[in-house]
Amino acid sequence: MYIYDEIDQRLVDERVAQFRDQTRRFLAGKLSEDEFRALRLRNGLYIQRYAPMLRVAVPYGLLSSNQLRMFAHIARKYDRGYGHFSTRQNIQYNWPKLEEVPDILADLATVQMHAIQTSGNCVRNITADHFASVARDEIVDSFVWCEVLRQWSTFHPEFSYLPRKFKIAVNGAEHDRAAVQVHDVGLHARRDDNGNVGFRVLVGGGLGRTPMIGHVIREFLPWPHLLTYLDAILRVYNRYGRRDNIFKARIKILVKERGADKFRDEVEAEWAHLKDGPATLIPEEIERIGKRFTRPTYLSLPATDAEYEQKLAKEQAFANWVKRNVHPHKVAGYAAVTLSLKKTGVPPGDATAAQMDAVADLADRYSFGELRVSHEQNLIFADVQQSDLHDLWQAAKALGFATPNIGLLTNIISCPGGDFCSLANAKSIPIAEAIQHRFDDLDYLHDIGELDLNISGCMNACGHHHVGHIGILGVDKGGEEWYQIEVGGNQGNVRPGLPAALGKVIGPSFARAEVPDVIERLIECYLKHRDSEVERFVDVVHRIGVEPFKESVYGNADQRSAHRQRQLATH
Amino acid sequence: MATLIKDRRIASDNWQLIKPGPDGVLPEVPAMGSIIVPLALWQRERAQLLARKGQLGIWLDSQEDPATLADDLNHFALLAVNFPKFGDGRGYSTARLLRERYGWKGELRAIGEVVRDHLYFMAACGFDTFLLREDQDPQEALTGFGDFSESYQTSVAQPQPLFRRRLAGTK
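Chains A and B, in that order, are what the protein sequence lines are.
Note that the numbering used here has the first sequence beginning at 14, numbered continuously upward.
Note that the numbering used here has the second sequence beginning at 61, numbered continuously upward.
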């Protein structure tokens, strides 16, 4: 955990006071609806379908057990006893009262937390690879760089009223677990031939209604220039990004309209003025921030624990869980563990106050009192002793957090959808649940192998459907909820092989009840075509193309035409 | 009546802002007195404006490039930047460029949607006078400058970022 100093704390406290005053003025009629909207959004407060929604920041997904207990407290005191972990590594509350939000923010500030810039047209919470500081393929500890960027982006005087939201992801390892190719700016740490740290800079990626893969505008930016270079990118965007049309206001549109080369030239021209200026980072600052992180005191352990190996050999259920939910660690005798928030029948990412308290206790006992939120909406204990895995598994099972489905079809990423969100065209949670029920057979699920299934309730794509191996998008047709299905998306180089890719729509959309059948047919098609268990669903799509999958769902061209006729006849 | 804030106090305003009315028509330029005219008028009637009695100021709209004034700064007694909408933050970059790149040392005035909740950032980016939007309560607006007591970044008001000031022991 990064521990605030006096100034970090003071700024967060001042933000609470500022928002309290804004809320007071709004309720007194001194601040218009529109202006309060812009101000409350940058404090994470939406007015939703049924009630306000408050999005609390979990900077780069890292939190302490005490902070998690505070989330539980807020869920109980101000909400209906639960919270929802989002794909932005944040937590959302769906039932707070507008006039109580300043009190919630004040409570959060007591544990060094806030809702700063979790929405609005500003730089949002910086996201990171969720195995930062423990991964074996680590290049740098991305948390340190994320904190540098958190401070730089917090109340940035020049870039607080951008054309649109701005999302930055930092990946500190060889493999990209932060989806840097689909962010407004993606930073992928690298080392040059002399071992110096720098970043590959990608710009203009994103999901939403115009999904795009980001362009590399600098292969290697030496780390001291990180902030001046970002200032240059943001200045070009702030000045020239479109403000006439909300759907064309993201930086990806500016990059596309100008062309990546021209955009880079403009950034470089701007940077020439800022380079080596006072915002140039210095080693002392990186060291200072690094030292403000609490670090686990690892024991010197053997690489394998004999008792653990025995249990692994004897208990199939435990072995299944280890296979899917336990990840290698750079320190011998330790492992990282994913607690799955994707149990069938529970909305993906939801956790109750009691579960949060219990997880906080487990984090204290098994993982140095810290945990992470992954962008796949699960919780991660990063530093668990191998010899504790069996105990932790049993405790997690009792909480319903031990579903062995990480990387599998039922580990569904889903936005809150039409059940909560006023933007949504369609519900997503019932779809997730219906699919989880259909694929509840663990043997079948494991046989299908690695598969990311992502659901968004509208084209804002909060459920990242474009980069799901199977992506489902809720669409509105004449006031009814329909679902469009894509295949072949990929969130990045999570595993060696495929780069990030956007899915392709397979054809006309389906009614809700049809969706599990469609998924099943896609899976059958995959199983028929794969050449071994190693070849994943998405690999097969990329090898043989979308057509066979289309046919498996809609039949051949003649059958498709008949299907369309039937649809027209019923609607 | 719109109130002017200068030196963090309510001040009297000797400048006349020449801005198109709701009908889009630009008012007549008065023969005397201090005026702030749009960039386009300056570009069109440069000689007449320079020959006129009284001080001259130029205002830039949010999409206008401050570079166009870079070579003429010595003709002006004031520059202003318009904020046409609450959420339009281009003027922040314009102000920094005028101060930091083109070296404007004179009065830099924020006009348009100048409201309490923007004042802290506006001051940080180099504005030193603020023509408040008409509905703003001037006393309440003045508290806006104190929203935050510190900032991490470089700005016109604080050219050294917090991390450098910490290291120098000044923070």
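If you are wondering where the hints come from, they were derived from the structure by calculation, not from laboratory data.
Check the hints yourself; a few may be wrong.
[Said to hold, decoys possible] Think about it this way: if two alpha-carbon atoms lie no more than 30 Å apart in a straight line, the pair counts; the simulated DSSO-like pairs of lysine-lysine are:
1. A:K43 x B:K231
2. A:K178 x B:K145
3. A:K288 x B:K165
4. A:K110 x B:K231
5. B:K231 x A:K261
6. A:K43 x B:K165
7. A:K304 x B:K231
8. A:K275 x B:K231
Values in this document were obtained by computation on a predicted structure and should not be read as measured data.
Item to check | Violating hint indices (sorted, rising) | outcome: The structure breaks hints 1, 4, 5, 6 and 8; every other hint is satisfied.
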